[in-house]
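The residues making up each chain are set out below.
2 protein chains.
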Amino acid sequence: MSELRKDIISGRWVIISVERGKRPTDFISPSQKKRGGFCPFCPGNEYTTPPEIMAFRPADTKANSPGWTLRAMSNKFPALQIFGDLNKSGEGIFDKMSGIGAHEVIVETPDHMQSLATIPRKGVEDALWAYYMRLTDLRKDRRFKYVLIFKNEGDAAGASLEHSHTQLIALPIIPKLVKEETDSAKRYFDLKERCIFCDVISQELEFKKRVIYENARYVALAPFAPSAPFETWILPKKHESSFYPPENNFLELAEIFQVTLKQIDKILDIPPYNFVLHTSPFVDEINDYYHWHIELVPKLTKIAGFEWGSGFYINPTPPEESARFMREAKI
Amino acid sequence: MSELRKDIISGRWVIISVERGKRPTDFISPSQKKRGGFCPFCPGNEYTTPPEIMAFRPADTKANSPGWTLRAMSNKFPALQIFGDLNKSGEGIFDKMSGIGAHEVIVETPDHMQSLATIPRKGVEDALWAYYMRLTDLRKDRRFKYVLIFKNEGDAAGASLEHSHTQLIALPIIPKLVKEETDSAKRYFDLKERCIFCDVISQELEFKKRVIYENARYVALAPFAPSAPFETWILPKKHESSFYPPENNFLELAEIFQVTLKQIDKILDIPPYNFVLHTSPFVDEINDYYHWHIELVPKLTKIAGFEWGSGFYINPTPPEESARFMREAKI
Numbered sequence: 050m051s052e053l054r055k056d057i058i059s060g061r062w063v064i065i066s067v068e069r070g071k072r073p074t075d076f077i078s079p080s081q082k083k084r085g086g087f088c089p090f091c092p093g094n095e096y097t098t099p100p101e102i103m104a105f106r107p108a109d110t111k112a113n114s115p116g117w118t119l120r121a122m123s124n125k126f127p128a129l130q131i132f133g134d135l136n137k138s139g140e141g142i143f144d145k146m147s148g149i150g151a152h153e154v155i156v157e158t159p160d161h162m163q164s165l166a167t168i169p170r171k172g173v174e175d176a177l178w179a180y181y182m183r184l185t186d187l188r189k190d191r192r193f194k195y196v197l198i199f200k201n202e203g204d205a206a207g208a209s210l211e212h213s214h215t216q217l218i219a220l221p222i223i224p225k226l227v228k229e230e231t232d233s234a235k236r237y238f239d240l241k242e243r244c245i246f247c248d249v250i251s252q253e254l255e256f257k258k259r260v261i262y263e264n265a266r267y268v269a270l271a272p273f274a275p276s277a278p279f280e281t282w283i284l285p286k287k288h289e290s291s292f293y294p295p296e297n298n299f300l301e302l303a304e305i306f307q308v309t310l311k312q313i314d315k316i317l318d319i320p321p322y323n324f325v326l327h328t329s330p331f332v333d334e335i336n337d338y339y340h341w342h343i344e345l346v347p348k349l350t351k352i353a354g355f356e357w358g359s360g361f362y363i364n365p366t367p368p369e370e371s372a373r374f375m376r377e378a379k380i
Numbered sequence: 050m051s052e053l054r055k056d057i058i059s060g061r062w063v064i065i066s067v068e069r070g071k072r073p074t075d076f077i078s079p080s081q082k083k084r085g086g087f088c089p090f091c092p093g094n095e096y097t098t099p100p101e102i103m104a105f106r107p108a109d110t111k112a113n114s115p116g117w118t119l120r121a122m123s124n125k126f127p128a129l130q131i132f133g134d135l136n137k138s139g140e141g142i143f144d145k146m147s148g149i150g151a152h153e154v155i156v157e158t159p160d161h162m163q164s165l166a167t168i169p170r171k172g173v174e175d176a177l178w179a180y181y182m183r184l185t186d187l188r189k190d191r192r193f194k195y196v197l198i199f200k201n202e203g204d205a206a207g208a209s210l211e212h213s214h215t216q217l218i219a220l221p222i223i224p225k226l227v228k229e230e231t232d233s234a235k236r237y238f239d240l241k242e243r244c245i246f247c248d249v250i251s252q253e254l255e256f257k258k259r260v261i262y263e264n265a266r267y268v269a270l271a272p273f274a275p276s277a278p279f280e281t282w283i284l285p286k287k288h289e290s291s292f293y294p295p296e297n298n299f300l301e302l303a304e305i306f307q308v309t310l311k312q313i314d315k316i317l318d319i320p321p322y323n324f325v326l327h328t329s330p331f332v333d334e335i336n337d338y339y340h341w342h343i344e345l346v347p348k349l350t351k352i353a354g355f356e357w358g359s360g361f362y363i364n365p366t367p368p369e370e371s372a373r374f375m376r377e378a379k380i
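Top line first, the protein sequences correspond to chains R and F. 50 is the number of the first residue of the first sequence in this note's numbering; add one for each residue after it. 50 is the number of the first residue of the second sequence in this note's numbering; add one for each residue after it.
Since the hints were derived computationally from the structure, they do not count as laboratory data. Check before you lean on any hint, since a few could be wrong.
Treat identical chains as interchangeable: a pair holds within one or across any two.
[As the list claims (entries may be wrong)] Capping the alpha-carbon separation at 30 Å, the derived lysine-lysine pairs in DSSO-like fashion look like this: (1) Lys171 to Lys145; (2) Lys194 to Lys235; (3) Lys55 to Lys287; (4) Lys189 to Lys311; (5) Lys287 to Lys125; (6) Lys379 to Lys228; (7) Lys351 to Lys71; (8) Lys71 to Lys145; (9) Lys137 to Lys258; (10) Lys379 to Lys145; (11) Lys311 to Lys351; (12) Lys145 to Lys111.
Small disclaimer: the values here were computed from a predicted structure and weren't measured.
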């Protein structure tokens, strides 16, 4: 079984895949990806994936057969394993626990050639509903402290399969960057009795220069100090601590999300990208200090030694510029 | 001038290159690198670089002419600029300062085809001396709080030039990851009156399984919770808070550093890699809690959405395995 290990100095946890341990030669001869070849996510190939956990499909179609418009299943090569106990233990001064968690895949479209930017708007809504339903289901498992929803689109962004899909990892600990954000937001609230994200949004809506797009309920921003060019955040304008469907729909979120993806595809020629959904940890889902949001980053620059060794980023594109380019994109 | 901007939520600072602002098309058509073509770091081409800051060269050769064995100069396209005041200011609730700093390049060998792993041992010693001399010089400038020394080797690790070189960035703030390490080490010392790194080293030397190599003064380890496969740390066995030449030489550090690089080249077939030197910030250089070290990471996996969005890494190679492969490498 995989292990979760804590770096004693930084406090960062890592997943060490013990069974699938890669040997040096695995890195020298990179695995051949079947680009344009067999795709396990295409309709008709459902038998090659783990059984579906949920799907949007007509009532007259069977599970694990074609007909679906969205399909979620366990990752075939999960980083963490769903069965077992956490078994927290020490190794001398070090801390570890067994690699318990969930690792799922949400295939948002049966069409191999489409992406979240190109499918019908309804497909984006459905994807958001699937994220919400999986979150709601996994929060019932008391072993899990956090569920991270993210997407790797394109080889350079870490996708090992070409067919559009979102991933989800349920974790027995709160990841470092999420904990840093919630801790920082808590400190700000203690000081000011205001949500730090609400203050940022209010200032950005006044300044305008880093606003990319807005609708009645959401705003897309280039953050003031982005770690990478064209980094984009999508946030609810009114305070919401956790990801959920206001008035029981995701219409407006699907709209702003797809507009932003189309803008990025347009001006950067369909770049590889990552997005991640940051929401409040289960332990304190409804609160006044944290504000859920999506962070979206096209993969345009390489993380080099300086960034990796310092946590200090060099960004060659000012966010005021990237916001303007995106605003002016003709989509 | 570039700007340093602080992310209000995470506290992370970024360098925003305002003048060299990259437009979307700069990312679509990546710049052509002159692989195998003209190299500004090769002897005879000294006139194409900024003037040398220091060099190791025979007394009968002139500055900025061939004959050198090591040469340091300003980066031709610096991320930060040496002249000017810090001008700390706000933009509403945000914090920024002008992009003051130093960005230098140390070319460790005149031979385009060599690397730190293949040059004579004396060349590695000279490189370490150059790091030390530049550190000692830059610490005199009271605007600088930290100097980060790092290397990007190979295109995938972020090197834009093929000819072996180390980089140095002097910063007006302490980078986030360094501050986290020193803060954490301080807390551990307050609790235990011991250096956390000394405790780790002592345990690893007893366990043996993650020790890669050692000589009288230094040890190379695979850390217990490495963020990436074959991550390697080199540390002095006895407590030393800041990078310096014990007994006025770098003989043993050059030895272990080159052995480690040779092992990595051997078992991973000369992979791209990054290293970074972490030493105590200038403000408290001689202390009991922090332990300087080199962190070395071959670039074998892609940073994907999960890692970037969570600060939580998945490592497919247990450090006990990577240490064994490196120990057994026939170099």
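Which constraints among the numbered hints does this structure fail? Numbers only, ascending.
1, 4, 5, 6, 10, 12
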